[in-house]
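Asker: So you can see what is in the structure, the chains are spelled out below.
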Amino acid sequence: MKREVAAPATEAHPMDELLRMDRIPHIWCPTCGLGTVVTAFASAVDKLEIPLDDLAVVSGIGCTGRVAGYIKVDSFHTTHGRAIPFATGLHLTNPKLKVVVISGDGDLISIGGNHFIHAARRNVDITVICVNNFIYAMTGGQVAPTTPLRANASTMPYGNFERPFNIPYLAESSGAVYVARWTALHVRRLTKAIAEALQKPGFSVVEVISPCSTLYSRRNRIGTGLDLMKFYHDNCEIKHGADTRELDIGFQEEITVGKFIDTERPTYVESMNTWYAEVFGDQYEPYEGSAK
Amino acid sequence: MTADPKGVLTGEHYLDGDHAAAEGALAAGCRFFAGYPITPSTEVAERIAARFPRVGGVFVQMEDELGSMAAILGGAWAGAKSMTVTSGPGFSLMMENLGLGVMMEVPTVLVNVQRGGPSTGLPTLPGQADIMQARWGSHGDYEIIAVSPSSPQEAFDHTIMAFNFAEKYRVPTMVMMDECVGHMTEKVVIPEAEEIEIVPRKMYDGPKTEYLPYEPDEDMVPWMVRAGDGYRFHTTGLTHDEKGYPVMNSKCQEKCVHRLVDKIRSRIDEIVVLEEDGVEGADVVVVSYGITSRVTVPAVERARKDGINVGSLRLVTIWPFPENRIRELSRKIKTFIVPEINYGQLCYEVERCAAGNAETVLVPHGGGWVHDPGDIYDAIKKGAK
Chain A
1 MKREVAAPAT EAHPMDELLR MDRIPHIWCP TCGLGTVVTA FASAVDKLEI PLDDLAVVSG
61 IGCTGRVAGY IKVDSFHTTH GRAIPFATGL HLTNPKLKVV VISGDGDLIS IGGNHFIHAA
121 RRNVDITVIC VNNFIYAMTG GQVAPTTPLR ANASTMPYGN FERPFNIPYL AESSGAVYVA
181 RWTALHVRRL TKAIAEALQK PGFSVVEVIS PCSTLYSRRN RIGTGLDLMK FYHDNCEIKH
241 GADTRELDIG FQEEITVGKF IDTERPTYVE SMNTWYAEVF GDQYEPYEGS AK
Chain B
1 MTADPKGVLT GEHYLDGDHA AAEGALAAGC RFFAGYPITP STEVAERIAA RFPRVGGVFV
61 QMEDELGSMA AILGGAWAGA KSMTVTSGPG FSLMMENLGL GVMMEVPTVL VNVQRGGPST
121 GLPTLPGQAD IMQARWGSHG DYEIIAVSPS SPQEAFDHTI MAFNFAEKYR VPTMVMMDEC
181 VGHMTEKVVI PEAEEIEIVP RKMYDGPKTE YLPYEPDEDM VPWMVRAGDG YRFHTTGLTH
241 DEKGYPVMNS KCQEKCVHRL VDKIRSRIDE IVVLEEDGVE GADVVVVSYG ITSRVTVPAV
301 ERARKDGINV GSLRLVTIWP FPENRIRELS RKIKTFIVPE INYGQLCYEV ERCAAGNAET
361 VLVPHGGGWV HDPGDIYDAI KKGAK
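If you read the protein sequences in the order shown, they are chains A and B.
No gaps in the numbering here: position 231 of the first sequence is 231 in this note's numbering, and each next residue is one more.
No gaps in the numbering here: position 225 of the second sequence is 225 in this note's numbering, and each next residue is one more.
Note that these hints are calculated values from the structure, not bench results.
Since this is a predicted model, take the numbers as computed values, not measurements.
Careful: at least some of the hints might be erroneous.
Derived lysine to aspartate or glutamate pairs resembling EDC-like cross-links, with alpha carbons at most 20 Å apart [what the hints assert, rightly or not]:
#	chain 1	residue 1	chain 2	residue 2
1	B	Lys202	B	Glu186
2	B	Lys208	A	Asp282
3	B	Lys168	A	Asp22
4	A	Lys200	A	Glu49
5	B	Lys6	A	Asp16
6	A	Lys96	B	Glu215
7	B	Lys6	A	Asp282
8	B	Lys243	A	Glu49
9	B	Lys251	B	Asp229
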């Protein structure tokens, strides 16, 4: 039987083209889910053969906020919560760009929550990958708008009593046209979801439940990142098309994953072009970008 | 280069300052606008919303001013000339991403039609109390450029000037109007497109592999590229090196921030625009800006009729502050009179540069209206003694 010999270490890694290798090693902790998310994103981009020159990644602040710094496309590391409006400006000026926001739950749903719902309402044609680790990790484990009830956080030292957001429900009710949730364990399905979201015209959201062993799991004494991966394995139920109202996540309770929303609605630019063509007739030149 | 005729509404118009600022933006080539309604600045946004669809621009009313400022930075990185407009409370919210614009060196324009403050203050009435906020409002050390029009014609002209400064120095530039200028209606002459000078963006077109987004040119301003042009660059609000990569140490901080400050501070005299009237040989000089410079005119005329040797120095650019000119004058004159619609902001800059060589007298006004020229006249008379 012929055996494949491992490639020598000097050979290029398949992800070299998409990563800023001069910035590796990254700052993320061992067993953090972010490496998996970046890999899934890279695989999706590779699979779709999106020209890297046409891709832009925008991040906010936090652990996930650092993603933009490692991806070798036009990449923007912005202010806390403002990745979506920054991305909106990029996209509206050049709608041919494929603009992807990769940021955390605190960044997108707390401080950036208003931008999240309004970009969804407008159906701005961008993809949002929201990495949800249930906590503010970079600042040291404070309660997040996604922290499950009863879970401990440094600013909820006796356990969280604030009801968390259910991100797919928020996204759907605000107008997102594609909504999926997977975990860092579901690499193949996550990659597929990111690929689908990237192809979807309009505001698409992929929530990724991701282990934080340094803060969330250690503080809550629920093991290491590996234990969390085992937990996802044993406690995730795939329910495509599930009612998003039923997707709350309890502390160490079952997590429903799947593709929940996949629908069609004119994007912001499409709506603008259709309407202005109706209003101005031949005087209106359909908008395809203003940059010269 | 000259203006793209598509956005230039050549002719004589009867416009208020807000509408004139919108036309200035259009003439300067602004094609991306993100804003949020706030009195007394809303008419700028309204006019742009009405005009943009037929000139190939995109107007978007954002959910708030935080998002508006962030969006115009994104628009600029994608290659557009971009702008937002606001007043008082919205200006405070924009300070967050103004800092990001400074750090990422994004050419963009922010119009502030000032009203009375603090807080919601006097939404429909004028103030000039955001002058120091324009300079220092975002955290950290930086330099900024700001102009201050005193009429609808200048609202048009100075908005173009602001876009040109923004492009030349790669810095967010502010147009510090006030409610009075924003809402007064006067004749505005918009010239032919070929008569409007436009500073083009400093675009890099060298080899893609050699591009360093924050490698300064001789003028300390780095070359810019657009998202989507294949440079695959990185930019961040963090302290960064020439590659745009974050570097967390004091050596990089020194290099990065010092240049942001120096690219403006070392070229103050190149940036500063002043209007002087009878300043040479004067005993008293009135230093004013915006609407207050117009209120100053009758006060100066009256004092001159009394035989007082008074000059008028009007700041067209208020930031960076014209340090050298004030220092120079302070050695020749007796008193600076500084009327402003606040309880003392720019007068402290005058006092700093006068450094005891000449006296500095503030003529304050709390806001809600402009000065009575008599108050400025009284200060001139007293200052001449």
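Asker: Going through the numbered hints above, which ones does this structure break? Give me the numbers in ascending order.
Answerer: Violated hints: 1, 2, 3, 5, 6, 8, 9; rest satisfied.
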